[in-house]
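So you can see what is in the structure, the chains are spelled out below.
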Amino acid sequence: MKFKVLIVEDSKVSREHIAAAVESVDGIEAVATASGFEALKLLPRQRFDLIITDINMPDINGLELINFVKKNPNYRDVPLIIITTEGREQDRTRGMALGAAGYLVKPFQPEDLEALLRRFLKPL
Amino acid sequence: MTPGGKALAEFVAEATEILDALGRDLLALDEARDQEADPEHINGIFRAAHSLKGLSGLFGQERITQLAHAAEDLLDRLRLGRLTLDDQVLDALVDALDTFQSLLGETSRGEEGEDLTRRTRAMEDRLARMGSPPPVVEEDPLERLELDASVRAVFTEYEEHRLRENVRRGVALWRVRAAFDLSDFDKGLADLNARLKPLGEVISTLPSSRPGGATGIAFDLIFGAKVSAQELEAGLQGTPAELEPLAVRPPQDGEDGPAFDLPRSPDAAPPPSETPDTGPVTAPRAKRKKKGPRSQPLALEAGETRPLLPVDTATSGPGTALTGAPSSGVTALPLGSPPRMRAVESPSATTLGLQSAASAPVPAGRPRPEETSLRSLTQTVRVDIGRLDGLINMVGELLLIKANLQRLAETSRQDGTVALSKLFGQELSRETRQLERKLEALQEGLLEARMVPVGQVFDKLARLVRRIAREAGKEIDFVSTGGEVELDKLIVEELSDPLMHLIRNAIDHGAEGPEARLSVGKPRRALLRLRAEQKGNHVLISVSDDGSGIDESRVREVALSRGLVTASQISEMTRRELLNLIFLPGFSTRSSVSALSGRGVGLDVVKNNLGNLSGIIDVWSERGKGTAFHLTLPVTLAIVRALVVGVSGRTYAVPLNSVLEILSVQPQDIRTVERREVLDLRGQTLPFLRLGRLFLLPEREVNRHFVVVVGLAQQRLGIAVDELFGQQDIVTKPLGGRLSGVKGISGATDLGNRRTVLVLDVAELLEEGIAQERRRA
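In the order they appear, the protein sequences are chains A and B. Using the working numbering, count along the first sequence one by one with no gaps and you end on 124. Using the working numbering, count along the second sequence one by one with no gaps and you end on 777.
Since the hints were derived computationally from the structure, they do not count as laboratory data. Hints are not guaranteed to be accurate.
[Unchecked claim] Pair ranges (Cβ atoms, derived):
# : chain 1 : residue 1 : chain 2 : residue 2 : range
1 : A       : R47       : B       : D497      : 53 to 59 Å
2 : B       : Q434      : A       : E16       : 40 to 46 Å
3 : B       : N537      : A       : E111      : 33 to 39 Å
4 : B       : Q88       : A       : E89       : 25 to 31 Å
5 : B       : A7        : A       : E111      : 20 to 26 Å
6 : B       : P453      : A       : R47       : 55 to 61 Å
[Stated by the list, open to error] Examples of chain A residues toward chain B, derived with CB under 8 Å:
#  : residue
7  : V13
8  : R15
9  : N61
10 : F68
Backbone N, C-alpha and C define an ideal beta-carbon position, used for all residues, glycine too.
Input sequences plus hints: build the corresponding full structure.
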């Protein structure tokens, strides 16, 4: 069975970029959404093995999404990876404090993402 | 198109969309220069710059990436309050947008000019140098807000900054809690946001982290209200929102701004100015309590959890009375079962956010411009116009096949010698009619897909107006109406240059300076109007000003001195004809600019541009009162209905949208006035053009003429033809090569029975009719 990764990123370009990087790894299927709201809708309906989220987004921000996931017994074990822009240390630190498993700084190399995915999705 | 070319086109299309959004927010800021900037707009521009950086980086567009990076950097400083938005910064941003547009223009043409590269570098430096940091505040106002640390932990740096700003200004802060059905909570929230926006600032939207039932979800919105509690409550009528004030301690030392903490003792004197005496929260809560029992509380709020944002119960005696203890606050939440919730908000949940925003009460004296959200952009699908053209051509060809089928059906129905064949013919013609209806619907749909609101151009022009006016030292009120009128995408695109030209002229030379205006008793600020209006198959666009107008006597002098007309011609001209001389090529030169209020700078180019769109331009002006240019444009260029006519054995098509009427006249009805052939039409003199003569065809003796009266705007012309064949939809294809310059012909079309005929260019014929008379004179 394939691992399923949820991508939450409002910028279309970034979203497609991340999705492509995720799907380039064998055994992973990516579901990409443009907002935290969409993610909130998808979470109860599908099982995800990992979530990748941006921080600065309209509607709810990525930190709020992390908090939501981590406080909810149904999802709290799903590892979260933050993807942020450089120069956003505070946001990143907060995300990690809220329970994110790892982070990447844009622009990132697909290999870095793959390494993180392999770390959290086992056996891959 | 090469793969690279396709990727490039995609980049350009997407970047354009981003720049449009950026431009809109920038315009909103620019329009409100004197007022405090709306953080929403600054954040919107920041996002746009951020997206643009990501996009251009991905496509290897180095120059745009660099500039976007500089812009994002500046905007981030602005957004986080590390830089103050003043005129200098705003001007720099407006200029940066211009630079982006130029860069994108070069990119789309596959160029990379050194000139622009230098300009871009300079722009980057300018953005980087911008501004001084705002005064430092010693105490962090956020410390005064009673807010659970776990809540603060989920704010982004930006949200935290906004919250800090609101506290510092003494804005009343509320927690707005609402629960929704999981399936459509985003609609509900969008509605709630639309209601809240005119009343203040939504700082953050926090999803409740409590495990919900399968179908419900609750949100806490942290809201800074700029209206009183009563107004806020009224604005939220009918939504599932519950209000709770957030307590703020007063500043330590005399920091300015009112304090909005909760009263400290029961008989504490006047509640904070924004809090009404009645007690802001009890009223709605009591009311909602009544609803409570009828609705089934959701599992997710079952009392075991503490509120996300506890109120300051320790310090506020009456605060407890006002807001209730945290636990009771939770149980009193208006959490209906999902179906019930939908019923409560059904009137608003289905309407779009903008509409509900419009219906929400807007506090007097604080008009908020309606904003289009970035979200709406995702509702549209971008299609390359070339693809649409291809589809439309295909429909055109299908229509031709249909015409052939129709003819076949008709023939077999009439000539059918055997009964079977006759029946077959009837069947065939019935099916053909069906096909015709469907094809018409398809055609209509495709044409609609090409339509875009002319407001797209108007928005861009509005930005331009402000800039030119500033540069020229003029004070201009710019009013545009009819932005919702729709035109073919192609026409809208082509329209921006001519309109820009006219507007620039109007500001540079039409509008007088403030002092000059005051001295002649006009209001200080000049009025520049841009108006679009649909009239049947045409759209009228006018650019008018209340400036100094055009000096007719100068027009006369210049036209004569340049040998564009003779003295006798000028003496016969009406005022309108005289004014329209300014469109003649060679009329305007730099030297005549100032003397003529600058009208005429390249107006022949404007006229040509419009001519290419089958449109025409007309000018009206009154000395001292102003000038108006009227543009008449077809709604679409793609498929037009045409009148098929015959002249000397040849067939031509005349676009029906410019045909006003058809007359039958006897040769003796044609008079010659001043060596021009004219007709009398209901007391008006109508110029008369023999198409056969124009195209040098052998003339036939006829005992009557059909006269097709065509007109655009106020110009009229009677075109004499020999025969009328009927109407048909045509797709005009341009004539290639050397034929493309033939006067009076806009292209060729296929009439279906494998006959290709020429399509008349009515705008050009109107010109030609007049010019010809002039030459003959």
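Give me the numbers of the hints this structure contradicts, sorted from smallest to largest. Numbers 3, 6, 8 - these are the hints that the structure violates, sorted from lowest upward.
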